[in-house]
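So the sequence lines, in the order shown, correspond to chains A and B.
In the working numbering, each number is its position in the first sequence, counted from 1, plus 997.
In the working numbering, each number is its position in the second sequence, counted from 1, plus 162.
These are computed hints drawn from the structure, not numbers from a lab.
Treat the hints loosely; a few may be bogus.
As the list claims (entries may be wrong) - Per label pair, the in silico range of CB-to-CB distance:
1) Asp-1057(A) <-> Leu-171(B): 51 to 61 Å
2) Tyr-1056(A) <-> Thr-357(B): 27 to 37 Å
3) Pro-264(B) <-> Ala-1052(A): 44 to 54 Å
4) Ala-1007(A) <-> Gly-326(B): 42 to 52 Å
5) Gly-1049(A) <-> Ala-360(B): 31 to 41 Å
6) Ser-272(B) <-> Thr-1062(A): 45 to 55 Å
7) Pro-270(B) <-> Val-1005(A): 36 to 46 Å
Where a beta carbon is used, it is the ideal one built from N, C-alpha and C, also for glycine.
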Amino acid sequence: MTWLPYAVAAWLFAAGLYGLASSRNLIHLVGCLSVCQSATYVLLLGLGYRWGSIAPIFYDHPPGTPAVDPVMQALVLTDIVVGATLTALLLVLTVQIFKRSGTLDPEHLRPIRRRGAK
Amino acid sequence: MSPRLRLTLLGAALAGLLPGAVAVIGRLPEFGATIAAYGERINAIVPAERHVANMVSAINFDLRGLDTLGEEFMLLAAITGTVVLLRGRRGEETTDRAMRLPGRAILPRSEAVVLTCRLVGPLLMLFGLYIVVHATVTPGGGFQGGVILASGTLLAYLGEGYAGWRDVVRSHWLDAMEGGGAFLFVLCGLAPMLTGAAFMQNVLPLGTFRDLYSGGLMLIENAGVALAVCGGFTQLFLEFLEETRESAGPEESGEDSA
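Here chain B stands alone, though its shape is the one from the complex (with noise of 0.2 Å):
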């Protein structure tokens, strides 16, 4: 197909949804005038009924904690597919050499990256556990602070090099974080049906308004996010960087294994 024609089928496309986009577009309330009903309601209630501070905290875990136990699985598929991708055609095994454009110069590393790599990691992954922790207080949570905690160790293999960020970073407990976060996920919404509650009910004490123990099952329903986000994306700069390796073996052509 031409791009000529593909342009012109989709003109014709949105041709066909002109009208109702119209129709929704003119129905968009005013910016800045009011906000939904439902969102102001759980501004109004979810304090005092939950003792968190963070309301978007407490629709990701409580309210709406079955959309986000989706969306877990969402990031557990999407994760497990690249993985499966990426090892299928290259294999287990892994080999310190970095693939090699002929003619280009390797550069040594600087003294200065290694140095502002050592400060700023470890800081980076206190700020990082920081955000996971402070999830029902202030702004943060598993997602954010996951990916924070996955960047820092990017940083390890900025500082040390990839024989250094291997030794650290192990594959199968980046697989153990990943799928146990989840499952510590789907636990707590499990756990509560044993009390006779319903599914994710929050039964432990609320905890303190304001204090950093507050939200009760929300709090590891948290962790459980930062586990898997954490290893799921430390997964991903692993799979992807050892993609950048020289192939052990003699190169493969074909597909027997992919």
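Here chain A stands alone, though its shape is the one from the complex (with noise of 0.2 Å):
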């Protein structure tokens, strides 16, 4: 079974990817990306796992225990955190959008046109 991480992964990103190309609805897009990207968590910590190793921490185990990579644990912490507000920020854009045209459908977008040149 230790394929088994990477093959979570793939199968994550290919089913966020899939909603993505399908969406016909800007929240269930979001939601989408978001699923992408735990993709990458899942990938990220898998590459840095090694079998009988403890977390990065030497606290209560003396430095020169063996740990799992620190470098994954901070790319995937600093991910989350971006990804939260990158989400707050979609959702924003997808607020005015409904605003604007009353849809979230993103078939029935148009361009926005100037005030007055219709």
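Assembling the complex is the task here: the two chains are given apart, and the hints tell you how they should meet.
Right under this line is the structure:
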């Protein structure tokens, strides 16, 4: 089962990508993007894992104990925080699109016209 | 573009990328067998070199501090964009009246909710502070602690209602926290240069390993991140909740302020 984490990452990414391509609702689209992003968490943490290692925090265990890769964990940490704010930004754009055009379906979006140019 | 056409395009693109993907996946290290040499070296060297126990914090605030500075400004930019987009259409003024769907019953807040929020809220804030200040010792740091602190303010909304929450949480304080946190981080980079050291070089005394004061400059950077994340996330909650308020003036249509 040593391929399982990579398979989970690939499956998550594929599911998110399918959702992105076939979405009919912008909120659903933002959710799909988050699913794609969680695939990167699984992949990074999987790459940094090693059997029999501790978390990279040498408080209870003395330095020198085999630990997992701290770089991947730092990457995932900042990834999550920035991802959360980006989700907020995308949702705000969705709110604005709904207020402007009254639809959440990307199919029905039309280019924004200047007022009075109709 | 019809959904079928979109999916066909996606399939064609994936087929084009497939050979590269197969080559990369074939070269992936076996799961759990080994970790990258860089991480291995960090684990071996940093506890003695920087006197910190938490390697993740050491990477975020010291070894790759410049990257975290970039992340910090991504955070700032995303939150600024959110606030500008929401406020631009709504304006600065606030009202107490919530938007109501006609016909939906309005339930009063139950006493159990108020009590739970008053009990759990302060404890949650304390826990957030604990996570923030123990960044270099135990799992935690400014990013995680800041988010916990921001969630703690939401309990005030749940327990005290919108008006009470707005009394506690002032928008301009949040702006100051968010910008000030990022500024503090930049200052941590620039201040060592005044002493002739490199950008973001850890010039402060490193403290004791496994002690609350350990890591020197990392602690200040960590505080900056905690301020920025806490202020930023609370600002997001506030702006989104403000969207549920009834607008004070007549409904404006059009795009003059957007």
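Each hint, compared with the structure:
{"no.": "1", "hint": "Asp-1057(A) <-> Leu-171(B): 51 to 61 Å", "verdict": "52 Å, holds"}
{"no.": "2", "hint": "Tyr-1056(A) <-> Thr-357(B): 27 to 37 Å", "verdict": "31 Å, holds"}
{"no.": "3", "hint": "Pro-264(B) <-> Ala-1052(A): 44 to 54 Å", "verdict": "53 Å, holds"}
{"no.": "4", "hint": "Ala-1007(A) <-> Gly-326(B): 42 to 52 Å", "verdict": "48 Å, holds"}
{"no.": "5", "hint": "Gly-1049(A) <-> Ala-360(B): 31 to 41 Å", "verdict": "37 Å, holds"}
{"no.": "6", "hint": "Ser-272(B) <-> Thr-1062(A): 45 to 55 Å", "verdict": "49 Å, holds"}
{"no.": "7", "hint": "Pro-270(B) <-> Val-1005(A): 36 to 46 Å", "verdict": "45 Å, holds"}
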